[in-house]
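Please build the complex by placing chain X on the supplied structure of chain H, with the hints as guidance.
Number of protein chains: 2
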Amino acid sequence: MPGAQSAVTDANRSAGVREWLADRAHAIRCSVTRVPFAELDAWGFDAGTGNLVHDSGRFFAVAGIRVEDDSGLRAAQPILNQPEIGILGLLTRETDGVRRYLVQAKMEPGNINTLQLAPTVQATRSNYTRVHGGRKTRYLEHFRGAGRGRPVVDVLQSEQGSWFLRKRNRNIVVEAAGDIPDHPDFRWMTRAEIDELLVLDNVVGMDIRTVLSCLPPDAGHGAPRDEFTDALRRSHDRAAALFGRAEVLSWFTEARSACDWRVAAVPLKDVPGWTAGPDELAADGGGPFRVIGARVTAGSREVASWSQPLLEPLGIGMSAFLARPIGGALHLLARARPQAGLPDLVEIGPTVQLPADGEPGRTAPFAAEASTEDPARLRFDTVLSEEGGRFFHARTRYRVIDVGADFPLDVPPDFRWVTVRQLMDLVEHKHYLNIEARTLLACVHSLR
Amino acid sequence: MPGAQSAVTDANRSAGVREWLADRAHAIRCSVTRVPFAELDAWGFDAGTGNLVHDSGRFFAVAGIRVEDDSGLRAAQPILNQPEIGILGLLTRETDGVRRYLVQAKMEPGNINTLQLAPTVQATRSNYTRVHGGRKTRYLEHFRGAGRGRPVVDVLQSEQGSWFLRKRNRNIVVEAAGDIPDHPDFRWMTRAEIDELLVLDNVVGMDIRTVLSCLPPDAGHGAPRDEFTDALRRSHDRAAALFGRAEVLSWFTEARSACDWRVAAVPLKDVPGWTAGPDELAADGGGPFRVIGARVTAGSREVASWSQPLLEPLGIGMSAFLARPIGGALHLLARARPQAGLPDLVEIGPTVQLPADGEPGRTAPFAAEASTEDPARLRFDTVLSEEGGRFFHARTRYRVIDVGADFPLDVPPDFRWVTVRQLMDLVEHKHYLNIEARTLLACVHSLR
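If you're matching them up, the sequences are chains H and X in order. Quick note on numbering: the first sequence equals residues 6 to 453 in this note's numbering. Quick note on numbering: the second sequence equals residues 6 to 453 in this note's numbering.
Pulled out of the complex, with its shape left as it was, chain H reads as follows:
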């Protein structure tokens, strides 16, 4: 496992940001090493439950879930259990007529390239309440308590429903008030600057992507005007949607009501087919992920050293929206999808969402269209990283596929053609769009 590296390899106009990330990585000089579970400080398998837990009982646990439906047991798997509400906070201000966002170069143990772009504040509840002492989270005062700034966005959103049990974070964007002290790990960037980096592999992290998905896009970055960008512009017009607001809400409610899954947290020892060895917790016949132990060693005094478990997906996932113009306005093909770890089981996801388990799910509807390599159709195609604080090198290929105006409108009942505006109206509210759909919404925003 390599230590610090240059984060960006193929950017043109983002040289300043690349230099900054390289500079911060050099300053931190931290490395991540895989270790056996027995060498994790203060982590161990609980004798009663078999769960992998921290001695304090806090942070998170690797536990189990069982999913039952009306026909009986449907699935069981290990899962990360962290029933807290964290904060993903982004500070914004307008100076000299230019709006900027305070972006952080953040080290996470599971990150590819060590550092990726993160929101201003990224803190679990344990972090920000400082239950166990530790350093105050920088800039936190803008997001919590009496002195917080004017909120532009403030909404609870879920995270990966396959890997987390009912995890969610407060996604919050705040208008900065007063003087904001500089810090070398932070940088004011325009939306256009962030959007340019979004097309690079593994640079713009998951936690800033989800926050950005909740913000309306810039007026436009001067992307070349063509039929697609015109349709994208029209997709922000509420009157342009194929289905009315009530119909889309009803489609979602129908999908939620149709799901009869009952999900229960269970001891890890009661999850059949998984074995915890000295080095990994893995599915006996091979599975979509394993859990490993990692030690973080800091070369500078800025970052503490620690060890922790990480969930490592075995392969690169794929999430894709098929898109087509309808009546001149771009529509995305959304799917209402149950996932066992989601707080309310069903959320709206991309057209295709394949787990990181090798075989690219040939049987999933529209998987063939989502796997196209036709450059005329591929409007967005980048491998982006998921949360490096819990996942090791977890990557997803995010794609927006322009399937064109001849693509059939008729789709299975759990799918629905929706406009960008309709997704934006939903993402204001908790638990409508899953994390994969939110990343893709941020990617779509960047195409203006």
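Treat the hints with caution; some may be incorrect.
No copy is singled out in the list; a pair is fine if it fits within one copy or between any two copies.
Straight-line alpha carbon distances no greater than 25 Å define the calculated SDA-like cross-link-like pairs of lysine to any residue that follow [as the list claims (entries may be wrong)]:
hint, residue 1, residue 2
1, Lys274, Thr54
2, Lys274, Ala288
3, Lys141, Arg155
4, Lys141, Ala151
Bear in mind the hints are in silico, worked out from the structure with no lab data behind them.
Only chain X this time, still in chain H's reference frame:
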């Protein structure tokens, strides 16, 4: 416990509906009798858990919950556990320029007056999937499956967070398609006709109130125009709100994030301070409710006989919105309130919400203002019933209090002045407004 009675006692212009309810009650001739738990058919206390359960394992159970926060155990109580999504469906159509709703005269064992007004369809999942056979739910085909009509409203809403564990129902209003056969238990009524009945005690049931709260009000019933009704009209204007949309959403998210309660379902035997005797499950020192057994005997062949447990609140609750004009638009004082049984713990409730436990909560903020008897301030003041299918004679005094333009704007942080339009924009989405706030929203709608 009385049998069928005339449902309405002080209506003037609603004689037709009163006669209809009396007629249906006479046709059903059913009576409800309290019985010891041992005489309930197919219900009993589980030897392991102490829960009161049905032999089939279905329907619902009287179980327990424990609530912990960062300081430890906060509360424990019995609760009704019914983790299904039911349907509350209201059929609507416009004929000869008049919009009407298909209202049901529905018998429930816990109802005061035996019959109250209900939506067209009121069915648990066990009912409508007919797991155990039984008669098909009338008019259900308009709300489920391929033939369902165009949805006007379709949203999941919670029920009483003090009595139900994570219960919710699909609130759905559908535009009727095709011929709708008549039935003596059903009647097409205008919104104005329903609203007139809403001021009568115990006539318009909870399940139709929650559905009506999700519908915009009529253009106006010709209520005398005065400063209050003018302010109510202006309260539907999005531009008239004291706080912007983002601020209201942020206030809600802050309240949700601040709640550190962890709620766990536990066996009833692990709830201290409650004792199950032969006739009742009750709190040792007196409490807000008890659980009893009831037998329903039908005098006609239209209704089957059965027995079941019912939760009986010991006293009449009170839920009140304080209201005042701000900038000429009526604002309601909402409170973000955690309740242990709610699906996501925190929802928006009325200004004051007092449990049915005698002492009218003198210490609750604004309880004095909510208890006024000044007729100039009391814009709405009616005792309405909660769900008679699970609760015995559960009543709440619903009040809308006009506190006038001199009332302080400055309120504690969990309170917020919001317009009627802002509540309507939220009630479109799942789990923002609790059931008490929704009943009051329906009452406010009736004041136009």
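Outcome of the hint check:
In the homo-oligomer, the alpha carbons of Lys274 and Thr54 lie at most 25 Å apart both inside one protomer (6 Å) and across protomers (23 Å), since each shortest distance falls under that limit. When the C-alpha separation of Lys274 and Ala288 is checked against a cutoff of 25 Å, the pair qualifies only within one copy, where the shortest distance is 13 Å, while the shortest distance between copies is 38 Å. When the C-alpha separation of Lys141 and Arg155 is checked against a cutoff of 25 Å, the pair qualifies only within one copy, where the shortest distance is 22 Å, while the shortest distance between copies is 53 Å. For the identical chains of this complex, Lys141 and Ala151 are intra-copy neighbours only, at 17 Å inside a copy versus 56 Å across copies, given an alpha-carbon limit of 25 Å.
The structure fails none of the hints (numbered hints given earlier).
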